[in-house]
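FYI, our numbering numbers position 115 of the sequence shown as 851, with every residue one higher than the one before it.
Treat the hints as calculated values from the structure; they're not laboratory data.
A few of these clues could be false.
To be verified - Straight-line distance between alpha carbons at most 16 Å, and here's what the computed EDC-like set of lysine to aspartate or glutamate pairs gives:
| # | residue 1 | residue 2 |
| --- | --- | --- |
| 1 | K791 | D813 |
| 2 | K774 | E826 |
| 3 | K805 | D782 |
| 4 | K791 | E838 |
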Amino acid sequence: GGRLVIVPREVTRSPEDFHALLVEQQVTVLNQTPSAFKQLMRVACDSPVPMSLEKVIFGGEALDVASLKPWFDRFGDQAAQLINMYGITETTVHVTYRPITEADTRNPASPIGEAIPDLSWYVLDADFNPVAQGCSGELHIGHAGLARGYHNRAALTAERFVPDPFSSDGGR
Numbered sequence: 737g738g739r740l741v742i743v744p745r746e747v748t749r750s751p752e753d754f755h756a757l758l759v760e761q762q763v764t765v766l767n768q769t770p771s772a773f774k775q776l777m778r779v780a781c782d783s784p785v786p787m788s789l790e791k792v793i794f795g796g797e798a799l800d801v802a803s804l805k806p807w808f809d810r811f812g813d814q815a816a817q818l819i820n821m822y823g824i825t826e827t828t829v830h831v832t833y834r835p836i837t838e839a840d841t842r843n844p845a846s847p848i849g850e851a852i853p854d855l856s857w858y859v860l861d862a863d864f865n866p867v868a869q870g871c872s873g874e875l876h877i878g879h880a881g882l883a884r885g886y887h888n889r890a891a892l893t894a895e896r897f898v899p900d901p902f903s904s905d906g907g908r
């Protein structure tokens, strides 16, 4: 088993102290916003002290993949696996995941990957028909990982939690 390291608030404000904590505690999995990681990355890339990181999971805001170029220049694809996760509140945070590679830094898009196992997703037009790959539409999320609705907000729940047109069991 692993263990959870609670980062003191004052350490979160200092990329140097945060890096030292990661090294000292031998942290292997880090979940951080891209903007916070950008600050940490500056210190990590300049440090001769290796970290134990195996996975860095991004969430909470859009990832500018090109901003990770200094990380890949310093550590390549062989260091910690960087993973972009996309999510919305209605799914209790994450919907998709996508491992990021150095090659992704040359693409201006922020890839969100594929649905995590307890969710499904579709890009649909205004009539709930699937759009062709590469075309614009609205992202619809469904299955077990989706919330039941908004607490005490029946009208908003009815508006936003629409029936899943591809579910045979009446799911949303």
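How the hints compare with the structure:
1. K791 x D813: holds, 12 Å
2. K774 x E826: Cα-Cα ~27 Å, so violated.
3. K805 x D782: Given pair K805, D782 holds - Cα atoms ~14 Å apart, limit 16 Å.
4. K791 x E838: holds, 15 Å
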